[in-house]
Amino acid sequence: MRNHTTYLALGLYAASFCCYARTLYAPHLWLGRLASLLLLGGITAHYYALLERSYGTHTIPYDDLFGSMSLFAWLLGATYLVLEAVHRQRSVGAFVTLLLFAWVALVSALAPAQMPPPPARGPLFAFHVTLNTWAYAAFALSFILSIIYLLQHHVLRSHRLGRAFWRFPALDVLDRMSRSSVYVGLGALAFGVISGLIWEHRLTGAYSWGDPKVIVTFGIVGVYVAYLWLSRNAIWRGARAARICVLNFVVVLFSYTIVNLYLTTFHRFF
Amino acid sequence: MASASNPTSNALRRRDGGIRIALIGCNHRTAPLELRERVAFTTEQSLEAATQLRQRGILEEAVVVSTCHRSELYGVAGDTSAPIGDVLEEFLTSYHSIPRSDLEGRTYHWVGADAIRHLFRVASGLDSMLLGEAEILGQIRTAYRRALDHGATGPILNRAFQGALEVGKRVRAETEIGARPMSVSLAGVKLAEQVFGSLKGRSALILGAGEVAEQVIEHLRDRGIGSLRVVNRSFDRAQRLAARMGGEAVAWESVDGAISAPDIIVTSVGDVGAVLTREKMVRALGARDGRPVFVVDLGVPRNVEADAGSLYNLYLYNVDDLGEIVEQNRRAREAEIPRVEAIISEHVAKFEAWRAALEAVSIVEDLRGHFRREREALLRERLDAAPGLSSEERQRIASITEELIERVLAEPAARLRSSRGIAGHLSSVHALRRVFGLDKKGESGEES
Chain X
2 MRNHTTYLAL
12 GLYAASFCCY
22 ARTLYAPHLW
32 LGRLASLLLL
42 GGITAHYYAL
52 LERSYGTHTI
62 PYDDLFGSMS
72 LFAWLLGATY
82 LVLEAVHRQR
92 SVGAFVTLLL
102 FAWVALVSAL
112 APAQMPPPPA
122 RGPLFAFHVT
132 LNTWAYAAFA
142 LSFILSIIYL
152 LQHHVLRSHR
162 LGRAFWRFPA
172 LDVLDRMSRS
182 SVYVGLGALA
192 FGVISGLIWE
202 HRLTGAYSWG
212 DPKVIVTFGI
222 VGVYVAYLWL
232 SRNAIWRGAR
242 AARICVLNFV
252 VVLFSYTIVN
262 LYLTTFHRFF
Chain V
35 MASASNPTSN
45 ALRRRDGGIR
55 IALIGCNHRT
65 APLELRERVA
75 FTTEQSLEAA
85 TQLRQRGILE
95 EAVVVSTCHR
105 SELYGVAGDT
115 SAPIGDVLEE
125 FLTSYHSIPR
135 SDLEGRTYHW
145 VGADAIRHLF
155 RVASGLDSML
165 LGEAEILGQI
175 RTAYRRALDH
185 GATGPILNRA
195 FQGALEVGKR
205 VRAETEIGAR
215 PMSVSLAGVK
225 LAEQVFGSLK
235 GRSALILGAG
245 EVAEQVIEHL
255 RDRGIGSLRV
265 VNRSFDRAQR
275 LAARMGGEAV
285 AWESVDGAIS
295 APDIIVTSVG
305 DVGAVLTREK
315 MVRALGARDG
325 RPVFVVDLGV
335 PRNVEADAGS
345 LYNLYLYNVD
355 DLGEIVEQNR
365 RAREAEIPRV
375 EAIISEHVAK
385 FEAWRAALEA
395 VSIVEDLRGH
405 FRREREALLR
415 ERLDAAPGLS
425 SEERQRIASI
435 TEELIERVLA
445 EPAARLRSSR
455 GIAGHLSSVH
465 ALRRVFGLDK
475 KGESGEES
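For the protein sequence lines, the chains are X and V, in the order given. Per the numbering used here, residue 2 is the first one in the first sequence, and the count goes up by one each step. Per the numbering used here, residue 35 is the first one in the second sequence, and the count goes up by one each step.
The hints are simulated quantities; they were obtained by calculation from the structure and are not laboratory data. Take the hints with a grain of salt, since some may be wrong.
To be verified - The calculated label-pair distances, taken between Cβ atoms and stated as ranges, are:
| hint | chain 1 | residue 1 | chain 2 | residue 2 | range |
| --- | --- | --- | --- | --- | --- |
| 1 | V | Gly260 | X | Arg161 | 26 to 34 Å |
| 2 | V | Ser288 | X | Ala86 | 41 to 49 Å |
| 3 | V | Arg175 | X | Ala106 | 44 to 52 Å |
| 4 | V | Gly185 | X | Leu30 | 50 to 58 Å |
| 5 | X | Leu30 | V | His130 | 40 to 48 Å |
| 6 | V | Ser131 | X | Arg23 | 50 to 58 Å |
| 7 | V | Asp256 | X | Ser159 | 23 to 31 Å |
| 8 | X | Tyr263 | V | Pro372 | 52 to 60 Å |
| 9 | X | Ser159 | V | His130 | 48 to 56 Å |
| 10 | V | Thr76 | X | Ser159 | 44 to 52 Å |
| 11 | X | Ala165 | V | Leu164 | 22 to 30 Å |
Unchecked claim - What the simulated footprint calls covered on chain X by chain V, stretch by stretch (three residues with Cβ under 8 Å from a Cβ of chain V suffice, anywhere in the stretch; the number is not a length):
| hint | region |
| --- | --- |
| 12 | 24 to 38 |
| 13 | 160 to 167 |
| 14 | 170 to 176 |
| 15 | 236 to 247 |
Quantities reported herein were computed from a predicted structural model and do not represent experimental measurements. Every residue, glycine too, gets a C-beta built ideally from N, C-alpha and C.
Produce the complete structure using the sequences and hints provided.
What follows is the structure, given as structure tokens:
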């Protein structure tokens with residue numbers, strides 16, 4: 002995981018974070034654009050780091066936890082950049098790039114330098130893992146947006162508006178961005194699960210419905226569908242729905258860590 | 035639009051070779067409203083005044099900026115021997131037919147970099163009555179475009195006003211001088227935007243038809259509010275306000291039914307106390323399927339029960355809450371002044387460098403003229419004392435000395451043309467002028 006392009010990506014993420022944080026503190030048009038450009042540069046460098054790793058292991062980086070974590074970070078950055086362009090909102094960038102930097106730094110510090118070549122599993126499997134990782138990245142983004150929603154909501158209710166209050170998007174915008182992220186996540190997860198099931202059926206002629214990872218994944222689909230439904234419901238819309246979204250991400254983290262590492266044999270990455 | 039770097043501009047062919055940008059004006063700080071009214075310019079008058087100033091040779095380029103808070107004449111000084119400030123003041127008083135004594139101590143006049151700095155400060159909102167207000171930038175843009183279309187501007191004022199517009203835009207993009215609301219009514223509307231984002235297509239209900247209600251409606255209309263309903267105890271008054279603002283009047287008795295529909299409710303009804311109780315708001319929220327509602331209570335005594343503020347998805351702000359926000363915003367705007375001044379200084383320096391570049395090129399022409407005059411005088415003096423020289427020899431001497439002047443000037447001229455960096459040293463240019471006696475009229479760029 003430690004290579005020059007990873008360090009370059011880390012540097013660009015750090016620089017992007019500095020620019021986003023600076024524009025959050027004091028708005029600056031060109032610095033904001035520079036932050037987006039640096040993030041784009043970081044994502045590009047990160048892509049080449051992943052590619053380099055793929056050449057080394059002869060597969061896409063999904064076969065171990067660290068490769069998967071790195072792919073997750075890359076997809077999180079890319080999804081955020083698209084959302085930023087669609088919703089024309091840079092104020093969340095500081096939080097996303099901070100997470101990106103910390104995540105990639107952790108991965109590059111902990112990951113072993115050399116990986117044994119994984120068994121060949123074919124493109125459908127790669128597609129399955131990439132889509133599922135993308136779904137997790139989109140859910141992470143909705144988690145960040147929901148946290149910001151709750152903070153802004155709290156500030157509005159308390160009437161104690163700080164300097165940063167006016168810099169963040171409106172509650173309605175945060176809510177829409179969060180739901181957009183969840184739609185992306187659910188779409189990616191649905192296709193990811195389907196491609197995984199097809200791959201497994203081709204390989205073994207059966208489906209492992211009882212695998213904890215599969216069960217928890219269906220649970221994730223359930224809680225996020227519930228979030229989307231409740232966020233339109235009279236009693237739940239607004240801050241309560243944002244709280245649900247935050248809690249849902251705990252399930253995602255559980256699936257990504259505890260389930261992957263200890264509960265499943267089928268989806269184990271270590 | 036004229037090229038900003040046109041070296042053949044009239045402005046460059048002035049007797050002293052320096053470009054003198056001048057300004058005279060009065061604003062809310064220097065003159066009371068009665069006096070500002072007397073020196074204000076209508077659109078036609080501002081163009082007529084610019085024409086007269088140019089025709090009389092007072093200014094070579096002119097722009098008149100006239101708003102409710104200021105009347106200012108900007109220009110590039112012509113070949114007048116009198117101090118430009120006095121000439122402009124004389125023009126201002128005679129144009130408006132007011133005694134000069136009435137304006138005594140009520141105007142300010144600046145020349146050179148100070149005039150540019152003042153223009154940039156005005157464009158950035160630092161010189162406005164409401165610190166950082168954005169309207170002034172539009173007013174400057176209109177005044178400048180009008181003068182440009184009228185042919186009253188030239189390369190110098192084009193550059194100055196384009197710089198001012200750039201400063202205005204930068205200041206608003208990069209600082210918070212104009213970002214936060216400074217009135218209670220606008221603060222309420224801005225907070226609603228923090229809940230709903232764009233207010234386009236949203237609905238609002240206004241309780242009360244007084245001045246405050248009108249201000250709120252104007253802010254809502256500026257933001258493209260979708261539907262607007264006005265409720266007042268006097269239905270006639272509600273109808274009049276609704277008709278004027280493009281809304282719908284609702285009878286006072288129907289207020290309970292009307293509060294369930296809007297996203298924003300603004301109340302400013304005097305002497306009635308709590309019109310909107312917690313129970314009413316609970317019913318209203320239920321009827322609107324829990325969608326958030328933003329309530330601004332500008333009434334004294336309050337028109338909305340304080341308890342209602344604890345309802346889920348109801349954001350309630352009263353006049354004291356908003357007053358506190360406005361006060362915080364005022365402090366925040368004042369804290370931005372040093373950053374705005376830094377942007378202004380950066381652009382003033384840029385303008386001065388550009389101006390110095392123009393002057394640096396013109397100084398070569400002035401030196402050439404100066405050397406030729408000296409050469410002619412010297413030749414006359416020395417050749418008259420040598421009668422033995424043939425006409426061919428005299429011509430040869432004249433030709434050699436002419437060649438000498440060109441050779442001496444060739445290198446500095448080329449260096450000045452090729453190197454923009456040297457143009458930044460305005461003081462060196464002025465020093466050169468002083469050394470060679472090219473400044474006949476004294477200094478430029480000083481406050482008059």
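Going down the list of hints, with the structure as the test:
no.: 1; hint: V:Gly260 <-> X:Arg161: 26 to 34 Å; verdict: holds (31 Å)
no.: 2; hint: V:Ser288 <-> X:Ala86: 41 to 49 Å; verdict: holds (45 Å)
no.: 3; hint: V:Arg175 <-> X:Ala106: 44 to 52 Å; verdict: holds (48 Å)
no.: 4; hint: V:Gly185 <-> X:Leu30: 50 to 58 Å; verdict: violated (34 Å)
no.: 5; hint: X:Leu30 <-> V:His130: 40 to 48 Å; verdict: holds (41 Å)
no.: 6; hint: V:Ser131 <-> X:Arg23: 50 to 58 Å; verdict: holds (55 Å)
no.: 7; hint: V:Asp256 <-> X:Ser159: 23 to 31 Å; verdict: holds (28 Å)
no.: 8; hint: X:Tyr263 <-> V:Pro372: 52 to 60 Å; verdict: holds (57 Å)
no.: 9; hint: X:Ser159 <-> V:His130: 48 to 56 Å; verdict: holds (54 Å)
no.: 10; hint: V:Thr76 <-> X:Ser159: 44 to 52 Å; verdict: holds (50 Å)
no.: 11; hint: X:Ala165 <-> V:Leu164: 22 to 30 Å; verdict: holds (24 Å)
no.: 12; hint: 24 to 38; verdict: holds (count 4)
no.: 13; hint: 160 to 167; verdict: holds (count 5)
no.: 14; hint: 170 to 176; verdict: holds (count 5)
no.: 15; hint: 236 to 247; verdict: holds (count 6)
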